[in-house]
Amino acid sequence: DAMVIQNPRYQVTQFGKPVTLSCSQTLNHNVMYWYQQKSSQAPKLLFHYYDKDFNNEADTPDNFQSRRPNTSFCFLDIRSPGLGDAAMYLCATSRAGEGYGYTFGSGTRLTVV
Amino acid sequence: AQTVTQSQPEMSVQEAETVTLSCTYDTSENNYYLFWYKQPPSRQMILVIRQEAYKQQNATENRFSVNFQKAAKSFSLKISDSQLGDTAMYFCAFMKRAGYGNKLVFGAGTILRVKS
Chain A
1 DAMVIQNPRY QVTQFGKPVT LSCSQTLNHN VMYWYQQKSS QAPKLLFHYY
51 DKDFNNEADT PDNFQSRRPN TSFCFLDIRS PGLGDAAMYL CATSRAGEGY
101 GYTFGSGTRL TVV
Chain B
1 AQTVTQSQPE MSVQEAETVT LSCTYDTSEN NYYLFWYKQP PSRQMILVIR
51 QEAYKQQNAT ENRFSVNFQK AAKSFSLKIS DSQLGDTAMY FCAFMKRAGY
101 GNKLVFGAGT ILRVKS
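Order-wise, the sequence lines are chains A and B.
Residue numbering for the first sequence follows our numbering, starting at 1 and increasing by one per position.
Residue numbering for the second sequence follows our numbering, starting at 1 and increasing by one per position.
In case anyone wonders, no lab produced these hints; they're calculated from the structure.
From the three backbone atoms N, C-alpha and C, an ideal C-beta is built for every residue, glycine too.
Among the clues, some could well be false.
[Said to hold, decoys possible] Quick list of simulated restraints, FRET-style, between CB atoms: (1) A:R79 x B:Q69: 27 to 35 Å; (2) B:R113 x A:R109: 40 to 48 Å; (3) B:K55 x A:V113: 18 to 26 Å; (4) B:I46 x A:P61: 26 to 34 Å.
[Stated by the list, open to error] Computed footprint of chain A on chain B; a stretch qualifies when at least three of its residues, placed anywhere within it, have a C-beta under 8 Å from a C-beta of chain A: (5) 39 to 49; (6) 82 to 96; (7) 105 to 111.
[What the hints assert, rightly or not] No farther apart than 35 Å at their CA atoms in a straight line, the calculated lysine-lysine pairs in the DSBU-like style are these: (8) B:K73 x A:K44; (9) B:K55 x A:K17; (10) B:K103 x B:K73; (11) A:K52 x B:K78; (12) B:K55 x A:K52; (13) B:K70 x A:K38; (14) A:K38 x A:K17; (15) A:K44 x B:K78; (16) B:K73 x A:K17; (17) A:K17 x B:K78; (18) B:K73 x B:K96; (19) B:K96 x B:K55; (20) B:K115 x A:K17; (21) B:K96 x A:K52; (22) B:K70 x B:K96; (23) B:K55 x B:K78; (24) A:K38 x A:K52; (25) B:K78 x B:K115; (26) A:K44 x B:K115; (27) A:K44 x B:K96; (28) B:K55 x B:K103; (29) B:K103 x B:K78; (30) B:K70 x B:K103; (31) B:K115 x A:K52; (32) A:K17 x B:K70; (33) A:K38 x B:K73; (34) A:K38 x B:K78; (35) A:K44 x A:K17; (36) B:K115 x B:K73; (37) A:K17 x B:K103.
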């Protein structure tokens, strides 16, 4: 089945130690998104890629970066995680312009110790 | 900027009963899409139902239906014959129609608990 896969499901990292979360898709969607979701809150968009065109949200901290080496993969890099970065990180994909909503991955729950 | 408001942080319903979740939104756009997403505990967020703003007919998907009132900017979700598996966080979301990389704007969510 076509899907969005996030690895790992759970990630524990040390305060200040760089960490990378990964997302892959078999849907061939041209848009990929990264959201941060803290406990029982709405997901907050960090950035998205339209093909290789990177779009950063104005309030996304500089500590967060992203890479999309090809259509199928997208990475979220947190350069120096703080305790406040502990959250669920959701990857989603969509086709541009069709308004059919997103397909989400299962998320990666990040713990910072 | 668009905003989405869900005024019910938590709701509960008895199994087999009907429940309605509320959502209002604010936009100056005329063409857009509205969605309800379901996020079960520790599980993947999935699309429940989608509404195109230029269609007056309310969307339905099996036990799920919406009441879309464009003038009032209201988009409520009705779940009929509630099942235990409907227990989840429900998010209302808005997307502009125009442009690429269209962004979903989410409401704060409503936790729905279905009781046996």
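Results for each hint:
Range check, A:R79 to B:Q69: about 46 Å between beta-carbon atoms, so the 27 to 35 Å window is missed. Between B:R113 and A:R109 the beta carbon distance is about 22 Å. The supplied range of 40 to 48 Å is therefore violated. Taken as a hint, the range 18 to 26 Å is violated for the pair B:K55 and A:V113, whose Cβ atoms sit roughly 49 Å apart. At roughly 29 Å, the beta-carbon separation of B:I46 and A:P61 lies within the given 26 to 34 Å, and the hint holds.
Counting residues of the stretch 39 to 49 of chain B whose beta-carbon sits less than 8 Å from any beta-carbon of chain A gives 5, enough to reach three: the coverage restraint holds. Only residues whose beta carbon comes within less than 8 Å of a beta carbon in chain A count, and the stretch 82 to 96 of chain B has 4; three or more means the coverage holds. A stretch counts as covered by a chain when three or more of its residues have a beta carbon under 8 Å from one of that chain; for the stretch 105 to 111 of chain B and chain A the count is 5, and the coverage holds. Between B:K73 and A:K44 the alpha-carbon distance is near 22 Å, which keeps this suggested pair within the 35 Å criterion.
Pair hint B:K55 plus A:K17 does not hold up; C-alpha atoms about 50 Å apart against a cutoff of 35 Å. At most 35 Å may separate the alpha-carbon atoms for a hinted pair to count; B:K103 and B:K73 meet this at roughly 19 Å. In summary, the hint linking A:K52 to B:K78 is not supported, as the alpha carbons are separated by about 39 Å, beyond the 35 Å threshold. In summary, the hint linking B:K55 to A:K52 is supported, as the alpha carbons are separated by about 33 Å, within the 35 Å threshold.
For a cut-off of 35 Å, the pair hint linking B:K70 to A:K38 stands: about 31 Å separates their Cα positions. For the given pair, A:K38 sits about 20 Å from A:K17 by alpha-carbon distance, which is consistent with the 35 Å threshold. Distance check on the hinted pair: A:K44 and B:K78 sit about 25 Å apart at the alpha-carbon level, within 35 Å; holds. For the given pair, B:K73 sits about 45 Å from A:K17 by alpha-carbon distance, which is inconsistent with the 35 Å threshold.
As the CA atoms of A:K17 and B:K78 are separated by approximately 45 Å, the hinted pair breaks the 35 Å bound. Straight-line distance between C-alpha atoms of B:K73 and B:K96 comes to about 14 Å, which keeps the hinted pair within the 35 Å bound. Restraint check for B:K96 and B:K55: the C-alpha separation of about 15 Å stays at or below 35 Å, so the hint holds. Restraint check for B:K115 and A:K17: the C-alpha separation of about 43 Å exceeds 35 Å, so the hint is violated.
Taking the CA atoms of B:K96 and A:K52, the gap is about 22 Å. The hint holds against a cut of 35 Å. At roughly 14 Å between alpha-carbon atoms, B:K70 and B:K96 fall within 35 Å of each other, so this suggested pair holds. For the suggested pair B:K55 and B:K78, the alpha carbons sit about 18 Å apart, so the restraint of at most 35 Å is met. Under the criterion of a C-alpha separation no larger than 35 Å, the hint pairing A:K38 with A:K52 is consistent with the structure, at around 27 Å.
Proposed proximity of B:K78 and B:K115 is supported: the alpha carbons are some 17 Å apart, at most 35 Å. About 30 Å separates the Cα atoms of A:K44 and B:K115, which keeps this hinted pair within 35 Å; it holds. Pair hint A:K44 plus B:K96 holds up; C-alpha atoms about 17 Å apart against a cutoff of 35 Å. Proximity of B:K55 to B:K103 is assessed by CA-CA distance (about 21 Å); at most 35 Å being required, the pair is judged to hold.
A hinted pair counts as satisfied when its Cα atoms are at most 35 Å apart, and B:K103 with B:K78 qualifies at roughly 25 Å. Of the supplied pair hints, the one linking B:K70 and B:K103 holds, its CA atoms being roughly 20 Å apart against a limit of 35 Å. Restraint check: the Cα-Cα separation between B:K115 and A:K52 comes to about 46 Å, which exceeds 35 Å; the hinted pair is violated. Restraint check: the Cα-Cα separation between A:K17 and B:K70 comes to about 48 Å, which exceeds 35 Å; the hinted pair is violated.
Distance hint between A:K38 and B:K73 is fulfilled; the C-alpha atoms sit about 27 Å from each other, no more than 35 Å. Proposed proximity of A:K38 and B:K78 is supported: the alpha carbons are some 27 Å apart, at most 35 Å. Of the pairs offered as hints, the one joining A:K44 and A:K17 holds, with about 23 Å between alpha carbons and a cut-off of 35 Å not exceeded. Taking the CA atoms of B:K115 and B:K73, the gap is near 31 Å; set against the 35 Å cutoff, the hint holds.
At most 35 Å may separate the alpha-carbon atoms for a hinted pair to count; A:K17 and B:K103 meet this at roughly 30 Å.
Against the hints set out earlier in the document, violations occur for numbers 1, 2, 3, 9, 11, 16, 17, 20, 31, 32.
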